Amino acid sequence: MRWLIALVVLVLGRLRRRPRLDSEERIVPPGTRDRHAENVVLGLFGCATLCGGAVPAIYAFDSIPNQTQFLGLALGLAFAFVSAACIVISKRLVVTEEIEGEYGLSHPDEQEDVKRIVDESGDRLTRKRLLVLAGAGAGTALGAALITPVASLGPVLDVSSLYRTPWRRGVRLVDEGGRAFLADDIEEDTFYTAYPEHADREQMGAPLVVVRLKPEQLQLPDGRRHWAPDGILAYSKICTHAGCAIALYRKPTFTPVEPKPALVCPCHYSTFDVANGGDVLFGPAGRPLPQLPLTIDSSGELRAAGNFSGPVGPSWWGVRRHGPRS
Amino acid sequence: MRRVLAGLFVAGLLLVPAAAADPPSPGVTHVEVPPGTAAVDWGTQLFGANCVTCHGPHGKGIFSPVRGAGDQTGLGPSLSGVGARAADFYLRTGYMPLDDPHNQPHRSRVLFSDRELAALVAYVASLQPGPPVPMPHPERGKLAEGQEQFTEHCAGCHQIVAAGGYVTNAVAPPLDKATPVEIAEAVRIGPYLMPRFSDEHVSDAQLDSIIRYVTYAKHPDDRGGWALGHLGPVPEGLVTWFIGIALLVATCTVVGRRLHS
Numbered sequence: 001m002r003w004l005i006a007l008v009v010l011v012l013g014r015l016r017r018r019p020r021l022d023s024e025e026r027i028v029p030p031g032t033r034d035r036h037a038e039n040v041v042l043g044l045f046g047c048a049t050l051c052g053g054a055v056p057a058i059y060a061f062d063s064i065p066n067q068t069q070f071l072g073l074a075l076g077l078a079f080a081f082v083s084a085a086c087i088v089i090s091k092r093l094v095v096t097e098e099i100e101g102e103y104g105l106s107h108p109d110e111q112e113d114v115k116r117i118v119d120e121s122g123d124r125l126t127r128k129r130l131l132v133l134a135g136a137g138a139g140t141a142l143g144a145a146l147i148t149p150v151a152s153l154g155p156v157l158d159v160s161s162l163y164r165t166p167w168r169r170g171v172r173l174v175d176e177g178g179r180a181f182l183a184d185d186i187e188e189d190t191f192y193t194a195y196p197e198h199a200d201r202e203q204m205g206a207p208l209v210v211v212r213l214k215p216e217q218l219q220l221p222d223g224r225r226h227w228a229p230d231g232i233l234a235y236s237k238i239c240t241h242a243g244c245a246i247a248l249y250r251k252p253t254f255t256p257v258e259p260k261p262a263l264v265c266p267c268h269y270s271t272f273d274v275a276n277g278g279d280v281l282f283g284p285a286g287r288p289l290p291q292l293p294l295t296i297d298s299s300g301e302l303r304a305a306g307n308f309s310g311p312v313g314p315s316w317w318g319v320r321r322h323g324p325r326s
Numbered sequence: 327m328r329r330v331l332a333g334l335f336v337a338g339l340l341l342v343p344a345a346a347a348d349p350p351s352p353g354v355t356h357v358e359v360p361p362g363t364a365a366v367d368w369g370t371q372l373f374g375a376n377c378v379t380c381h382g383p384h385g386k387g388i389f390s391p392v393r394g395a396g397d398q399t400g401l402g403p404s405l406s407g408v409g410a411r412a413a414d415f416y417l418r419t420g421y422m423p424l425d426d427p428h429n430q431p432h433r434s435r436v437l438f439s440d441r442e443l444a445a446l447v448a449y450v451a452s453l454q455p456g457p458p459v460p461m462p463h464p465e466r467g468k469l470a471e472g473q474e475q476f477t478e479h480c481a482g483c484h485q486i487v488a489a490g491g492y493v494t495n496a497v498a499p500p501l502d503k504a505t506p507v508e509i510a511e512a513v514r515i516g517p518y519l520m521p522r523f524s525d526e527h528v529s530d531a532q533l534d535s536i537i538r539y540v541t542y543a544k545h546p547d548d549r550g551g552w553a554l555g556h557l558g559p560v561p562e563g564l565v566t567w568f569i570g571i572a573l574l575v576a577t578c579t580v581v582g583r584r585l586h587s
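These protein sequences, in sequence, are chains F and Z. Our numbering numbers the first residue of the first sequence as 1 and each following residue consecutively. Our numbering numbers the first residue of the second sequence as 327 and each following residue consecutively.
Rather than coming from a laboratory, the hints here were simulated on the basis of the structure. Computed from a predicted model, the values in this text were never measured in an experiment.
In silico PhoX-like pairs for lysine-lysine, Cα to Cα no more than 25 Å straight-line:
(1) Lys386(Z) with Lys260(F)
(2) Lys214(F) with Lys386(Z)
(3) Lys115(F) with Lys91(F)
Here are some chain F residues the structure puts well away from chain Z; computed CB gaps all over 10 Å:
(4) Cys47
(5) Ala84
(6) Ser90
(7) Pro108
(8) Glu110
(9) Glu120
(10) Leu131
(11) Gly223
(12) Ser299
(13) Trp316
From the three backbone atoms N, C-alpha and C, an ideal C-beta is built for every residue, glycine too.
Generate coordinates for the entire structure from the input sequences, incorporating the hints supplied.
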């Protein structure tokens, strides 16, 4: 009689189990279900999704104060929540068992075992699909957050903003303190930084380097004959390679034996020939430094006579295709 | 032991006369003049013996290569109007005399005695009226303003704590040995490829501040600890990657071993 009951229970039990477990016994011992831990995991994935999604949102609004710090905080929290969720899953929801020795993956039977271990480890979960969905959501939000900075690489379709500069005919050159530059005050053998009057100085196209050469030293390209009145030249201060500020001016003391006057970028030593329209003499820059045509007005002050000879700032993929000015 | 003692003895013999008489250094021609000779006249003779091959008679400059005395090719700028300021700078730093006019002048041992130097400076100053040797007052300068001005005008080449750097085709020298007068001279002259800064561009007061900052930067206050030669982010990154990360990996390995055992 006892044997009969045992047999009935066994048969019923076998029928209830999933068919794939029919013939073999479990490798991983079954564990108790933990709905509370599952809720925690769902909550953590939710928070990660929110934080990851916040990154593109914060990125989109430049007006947010301390934007960079908030971006970092959101991204950091998203990672923290995902890792917290993973910790809870591994500690509370996945059945663990220490095994002696190493997994042998060569034998087909052992591979089958590993597959079963993986399957059985997950069967404590009561809402598997929901958890997978929450995890996928967190992953997607995190991925979106990581891709967001790509937008900073610049415009793709409409590049007209890359050509926008505050310089046009008649704009006065002023120094750091807002004083106008008198042509007579510009000396040889030194360099000055100039900005457009009444314009935002943070713009890429705003800052200039102004130098003076002897008019007979100039070898400007055709069509720029009148761009350097009295030998005064103005170039964009932003290197065409990586956009650093050009802070170095080398000027020969004794021209017969020394290198010619040039503007040098301190980041990668791109060297631009000031006498010859900003031509690249050395370094990684791929195109000349944009030159700004100058005029001297009736009161002796320096003014722009137009816009730059080419796009200002670091080069981008379409810089040659789009030509000098749009 | 004997050999060491003998070596010390020989060294002593060599040192004694040096300390006693301070003989004129070889490498330049020294000119004996009777006592009471005017500095300018002595300077004229020294100039004729040492400088004229490159700078030409009366310091008018030589602009196309000329074979001169001692089979040296002469080529050099005019010294008319450069004044005592430039002469003092180039001689006191050892920039001049220069072996080859195509080389960049660099700081080297001064081969003229102080009196010879003063005579040469007086001669160059007598060629044409020119600026005198400046008298900076770094103690009147403001350190913070100095750093600001140095960052704006000088650090691009000389690096933020004046450790020196490069421009294409030239070396921007470190300023650790520069005296206040030399700094004041260099800013106004613009030696070799360095730009020149007039007093309209950098005022005398700002220059005092810059000198004060450069003097401070010889031994800067390194709040962050080990300064790694003040070379900036590249060595700092190397230390982070190769030492910091190696230490972290080592710590992780040790912790992991302990957990397993």
